[in-house]
Every structure is written in C-alpha cells, then in structure tokens.
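2 protein chains.
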Amino acid sequence: MIRGSVGTVKTEQVTFKESLTLESGEILPELTIAYEAYGTLDRDRSNAILICHALSGDSHAAGYHAGDEKPGWWDIVIGPGKALDTDQYFIICSNVLGGCKGTTGPTSINPKTNKPYGLSFPVITIGDMVNAQRRLLEHFNIQRLFAVIGGSMGGMQALTWSALFPDLVSRVVVIASTAYSTPQQIAFNEVARSAIRSDPDWNHGNYYENLQPNRGLSLARMIAHITYLSDESMHQKFGRGLQGKDELGYDFTTDFQVESYLHYQGDKFTHRFDANSYLYITKAIDYHDLSVNGSLSEAFRSVKAKFLIVSISSDWLYPPYLSQEIVTALSSANVDVEYCEIRSNFGHDAFLLEEGQMNYILGRFLSSLTIADVMKVQAPTLTGDVTIKEAAELMITHSVNHLPVIDSEGALTGIVTSWDISRSVAREFTSLDEIMTRDVFFASPEEPVDSAVKRMDLNHISALPVVDEKRQVIGLITAERLSRLIGRCR
Amino acid sequence: MIRGSVGTVKTEQVTFKESLTLESGEILPELTIAYEAYGTLDRDRSNAILICHALSGDSHAAGYHAGDEKPGWWDIVIGPGKALDTDQYFIICSNVLGGCKGTTGPTSINPKTNKPYGLSFPVITIGDMVNAQRRLLEHFNIQRLFAVIGGSMGGMQALTWSALFPDLVSRVVVIASTAYSTPQQIAFNEVARSAIRSDPDWNHGNYYENLQPNRGLSLARMIAHITYLSDESMHQKFGRGLQGKDELGYDFTTDFQVESYLHYQGDKFTHRFDANSYLYITKAIDYHDLSVNGSLSEAFRSVKAKFLIVSISSDWLYPPYLSQEIVTALSSANVDVEYCEIRSNFGHDAFLLEEGQMNYILGRFLSSLTIADVMKVQAPTLTGDVTIKEAAELMITHSVNHLPVIDSEGALTGIVTSWDISRSVAREFTSLDEIMTRDVFFASPEEPVDSAVKRMDLNHISALPVVDEKRQVIGLITAERLSRLIGRCR
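Line by line, the protein sequences give chains A and B.
Numbering of the first sequence is given in our numbering, commencing with residue 709 and proceeding in unit increments.
Numbering of the second sequence is given in our numbering, commencing with residue 709 and proceeding in unit increments.
Treat the hints as calculated values from the structure; they're not laboratory data.
Predicted model, so just to flag it, every value in this text is computed and none were measured.
One or more hints might be untrue.
[Stated by the list, open to error] With a straight-line Cα cutoff of 20 Å, these simulated EDC-like cross-link-like pairs (lysine to aspartate or glutamate) come out:
#1 B:1097 - B:1141
#2 B:1084 - B:1188
#3 A:953 - B:731
#4 B:953 - A:731
#5 B:953 - A:997
#6 B:945 - A:997
#7 A:953 - B:997
#8 B:823 - B:738
#9 B:820 - B:726
#10 A:945 - B:997
#11 B:778 - B:1063
#12 A:778 - A:975
#13 A:718 - A:795
[To be verified] One side of the interface only, derived from the structure: several residues of chain B facing chain A at Cβ under 10 Å:
#14 732
#15 832
#16 906
#17 931
#18 934
#19 939
#20 959
Positions of the beta carbon are idealized from the N, C-alpha and C atoms, including for glycine.
Just need the whole structure built from these sequences, with the hints factored in.
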C-alpha cells in the first residue's frame, strides 16, 4: 500500500465550561483543548487512537497546515497506508494541558483576572493532562480507545491513561519513555528551568506584555536538544566541522557547526514556545512517577490493556533499562506486554525519525488483534420462532446483513442473512426454518483476527457470530468491519 | 606502607618576564604561574612528576592549606605511601594558563592597560597551557619528567606534552580523557558559555569592578556537573528523594534533592571561579584535537614516552571508546601503551573518587620500570691499571661506593667498592687486581627493575653495573637509588 499524507489539516479547539480538579487539589475553572483529528470515527466509535505528544510537541501530529512546508511532528507514521492508518483509525492528538498551542496553560487568560495566568497557573501533572484529554474523548463520545500511543512525555501520558482508566484503553504503546523521572532527567529539567528563571526578562513569569525571556528559553532548549541526540549521531552530523570558516577563529564567535546548530535550534524554539509553559510541563515530567508504595507492578494491577513498550538503543536520556523496568512490572502484574528495542544511532529523537522501524513495529502491534478487539458487541439476534418478515424488519432497523439465530438459552443455532431473505422471497419460503443456515461457522473472542479472516475467505462467508464457551452469542464480526480495521494488505 | 598526607602546603607563584607566543600567534607579554610542589627533587632532577588539572581544578592538588578542612583535589593519590609517593617523587601541579587561581588569565592585570584583561586576554589552547608549564620546569631546571599525569582536561595536557616535547617525558598517564573534543563535549561547553554570556552581569567580560555574572556561571557549572556524574550514581545518591519536604510542593520551589544539590554546586562554584576563565578554558578544550591531517597515529609519531591510558566504565562525557582510540593510535605508532578501564558507577568524576583503583593502577604503572629508567647514567668507571689510591680518590670525588672496572674496550671486567678499599687497607693489598671482584653481577638496561632488585637481594649486593650487548658499561644502579624510586613495600 502506498503511504500517503492526511493532506491539509486544521487545529480545532473545544472549550469545556465545567471546572477541572487537578491532582494538586487546585481547580481550573474552565478548560480549552486544541486538537487535530485525522480519519473517520466508526459508527460505534471503536477505532479511535489517541496520540500523546512530547514536551515541545503540539496537536499538529500529521499533515500540513495551509501554507506549511513541513508536516506535523509524527507524519512518518500517521496517514493512509501508514502504521497509524487514517483509512482505518480515527487519530486524535491534542495539545497538553499547560501547553502553549491552544490548550489551557499559563499563556491563557485567567477568567478571574482577565490577564494571562503566568505563574498563577496551577502546577499540573501528567495525570492532569490525561484527565483533560478524557474530556476531549467525552466530547467525541468515545467510550474506549482502540489505542493510546506516545513517545517520551507522550509515553508517560499513555502509561498514565492505562493506570487511571483501565476500562477505557485497549492498547497502550509507550516509546522511549519511563514510568518515573530519574534524577538525571530531573537535573536536566531543573537546569533548563533555572536558565529561564535567570533571564531578567522572565520577570517572575509576568512578561506577556513585554519581551519574552528568549535568552533563557533558548538556553533551556539547547540543553534539552543535546539530550535528544546521541554521541554517535552528533559525530555523524557535525564531527568537528567548522562553521563558515576554514580554521579556528581564536575568538568567541562560533567555531564549530554543532555550536551554530544548537544556537539555531534554541533561537527557533523561542518563536514557537512559551517560557512559562516550559516550566510547567517540565515540572509535570519531574513529578511523573507511577509507582505505588514504591512498587511499579502495583501501579499496573488494574490495567487491562495490551502493551507495546519500545526503547531506542542509543537513547541516553530515556535509556532502554527504563523501558525494561516497565516491561518487568507489567509482566509481574500479568499484563500482556511486548517489548522492542529499536536499533538506531539517532538517540532519543529516533522515535520521530526512524520511519521504517516505527511503521513496522506500530503496524504489527496494532494489527495483532483478537476477535474480541474488533467484534461488534451489540449485534442483534433472532429466536427461531419469529417470522421471515420480522427477521427482515430487524435487519433494516439495525442496518445489518446478518442475524445469528439463538435458542431459548441464547445458544447459537443458525444464521440468517439478507440473501436468505431474498431467497425466501424468490422461492416463496414462509418459515425461518427453511432459509436459515444451521451448519454455521463462528469465531471465539480470544481467537486471533488473522485466523478468523482465513476461515471467512476459505468458506466465502462475510460474517461470523462470536460465541463464548457455552455457545452463547456475544457479538458478530463482519468482513466489511475487518477490512476497515486490518486492511487487506497485511 | 601507611598512606599519609603531604600535610600543610602553600601555593607558590613564579613570574617569567619573557613573553610567551601562543598557538594563535598572539603574544602574552609576561607569564605568572601558580604552582604547588610536594616531595623532594632528586639531585639529578629525574623524579619529577607533573600533574595536570581539569577544567575547574587548580594547583592545590594535595595536602591542606592552612585552616582548610578539605585537602587538595587529588589527595587520594598524592602523598607518602600513595601511588604518587612524595617520598619518591617530586610532584608539581600548576594552575593552567587562562585559569583564575594565580596563573596568568583573564582576571590578571594586562600590563598594557593596568586593568584586568577580561576579553582582551588572547584565546589559548591546551598546547599553550603546556608551553607555560614548560617554563615552570625550566625554572626547576628539570630536563625530563619522570611522568606527566592528568585526568579529563589534564589528560589532554598530558597527551599534548608527549606530542610537543617527546624528549622531555618518560611516562604519560591519561585518565578519562580524549585526543580530540567530540561534538557532544563542544555542545555542552557552548551551552555553558552561552549561559555566562546571557547573564547581563557578564557585560562582555567587563565585570571586575561590578557584580560577577553569578547566575550564568552557576548555570554553566550545573550543566557541567550533570555530565560529571553517571545516571547510576545519581540514582544511588538522590533517587527521587525530596528536599526538606514530605510531599511534592506543587510550586516552583525545589522539590527534589538532585535540584538542591545542583544549585548548591552551582552557587559554590561562583565563589571560587571566574566566569571569563570558564569561557577561555572551555574554548581551549573545544580546540583540542591532536590529530594531524586527520590521523591520530601521525600525531604520536615522534612520541617516546610509555603510556597508560585509563577510562571509566560509566563515564558518558569521555566514554571509554575515546580512550581506546588513543590506545589504537599509539599502538599503531609503535608506542608502548597500557590500557585500563576502571569499573565504577561514579561517572567521569571517578578519577577523583576511586581511591583504591586509582592508587593501584597508577602505582603499578609508575613502578613497572626497566633498569634504563632508573640507572645512573654518568657512573664513573676505572680501568684495571689504576692504583688503589687513584680508585679511592675517584670514589670520594664522585661520592660513590661502587666503581665498575673496564678494559681498554670499555667492557666490564670487575667492580671495586669502598669496602674493597677498606679491605686493602686492612690486609695491606697494593694492587687493584687483588681486591676487585671479577665474577661481577650486572644488569641490562631493558631488564625490569623488579628482577634486578631480586638479584641484588639474593646476592647481598648493593649495586649493579648496567651493560649493553657488548658488555660496555652504560650506567650503574644502586640499592639506595632503587629503594627511593620503587619503595620496599611493592
């Protein structure tokens, strides 16, 4: 399948007038969330994937804003035919609480003062970000996420989703992340925050009517940027190459390419990010620690989702051992978890760059489904004693082509299709008995989707009732539904 | 042997009125060097070890300044009975050129303006630091260093010594260092420099009459400090421990111990270091690259010293691969080199902390000597035809107890000692023939010192003539000399 783009997209905003109570106990009087969404939400709203962004990300995960040359930050995996296939899934990405790209944060107007919050904005947590995202899902009337996926701080949100709302998440993908912030990560964040606070233009957070603390924010970004690259990738990218000169300058202008690059990155960042947001979001990262009474396994006790944990070999900010600790904790809590270490020299940023590996790993995980993952749960059924006309009416009401037939115990006895109804009309059959198929194929909920697809293909049938051990009908799976979710090409 | 302290020490200063031409071509009109020295310089000035300090170090390497509670920065290995044994060696450590602890640097008075240099100080290199140290050795009339030793930036100086002055160095020890600064190291340095330059109090380097740029300098130190610790050591030292509180503060005061620690380190540093010096020294580090036309082996072509290269397993700022590259280049240039990786969780700082391993590794390397390393080269000899009286006179003139006897070809034929002279007096012998020992033990220059020591002990003799393949006497080794250099305890 050719990998395509979601095309031109727009960031939307939705405002919730109900207050949001934060983990600190503080109350946020109202909440605006900026988001983007790609693909189409299923009628039963079961194909939604929430993408959580990292520290400096935003809701613009894929496609192009009008006039832009660069696509959203995770365009490599989001789009038609990509792992996060917008032909199959409904992809949502929202700017985090505390951010500065449209979601309520320190740059927002405090309704109590009609001025930007600045430092009067309450300190937030990763859990608060997740609670804000939940509002957005309620807005879409999504009861359960097909998956929640994130890298770096996005991975912290994904983990927190699974722990806070175990019934709302089917799959969790955590990339280059951790279940708790380490002292080294906190140290880098605190130096970055100190750089911002040391800038006189920061003015205790009250700078919105004056100069931004660009020197401090730029420094913060330069520090962070080093941690996103690996030693190897810096050797490859810069080496000891000089910038715009043939020999050392013996002065304090820029000598090396790597210096020039860092300054460029730092400067560019000040045009798109808010210094106070940087303080709030890094603080939320520092506070991140899912362990309960020192036990990470305990944190995952109620978790129901399946997990994919991905680490990056050259990531020294979120080294693989932190991912392995998550895997160990999940396994010991009897959670279904897959682990994968991406071999890459790109360092932490590899999850934004390793197009091939990311598509392969995400695609494989999302399509390794069981029937329970994809079946239609509230499938209408018939009892054998109804008339053909009653059966036809039920089909039309529910817009379905297949009606499992059950006995008085609810056990599967046959199936009737719209084609059977047509046949009865042609042949003038009058009783359901005469048209229903009794030797009916069915699927079990634990069965991998692939094997059910094979059975349907082999027998030229387009739907399977899903039954439990007592042959009770608990759902229905149709070829049409499967082809949308899984794709024919896999 | 009990490891002792060098006791109370004082930093000395020496000023050289001759100008120093720098690698940039700039000329420094005069040069003051601050240094400390421990132990006693041999009569033949052959036991001097130069210690080179790291970025933020100074000349106070060991012992205590009057009133101080903490000893010098490398007291763990310097002192009586330690690897850098002040009973055997004469240890010198000088503050680097560009520093702020007594050696000429940006805080010094520019003789042309009678004001502190500030940014009018010329940009310096590691090579310039080495050239300045050479002046100090000339001051002591030291022709050849027994060893030059340094960790981190000190290692860069040690390597540069061996390349610039191959005839002046017998042994080189390079710890947790590199033959060239990597882009990641340059990146961290440039962020640190940017932090200083971003501080309005820096004022383009003209702050000596006003406030120091303490916020910038503190930030620079905080960044650097993270790179000196390892992820593991930070887990062990801080974990996610809170500072002076039982729960998260939900504000922007310090939450975690690691934050408090970094701020303490940053603040403390501003009381002992100069911001401009930090700019100059980090620039010298960035410029460090010993390779010649891209070849590191080429850089070591004229090198004559023996090398010990030491890396630290958890050092991610100067990772072991950088040390291994030095070893490879030295080996391919046919230089005698030993390599050792210290297993330690302490990160880069391990060379300042791993007392046991550092003493063992340094001690073993320094004492793994050959006879050529320790023999007395200009040992007087006799020919067989001199009188007993002439032999005695020669002993007295040269203050020696042993006189090898040679034939007309210069080949060893015997030895005469002051004890033999005494014996001739007692027994009234009149000819040298009657008292000289003909069945004489000797040593070869390539022989390890240990084996010669054994032979002397076994045969109860206190000196060995050293002879070449043609049995020509090329020197003498005495028990007295050995015991001073090697120590009896090894």
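(message) Taking the earlier hints as the rules, which of them does this structure contradict?
(response) none
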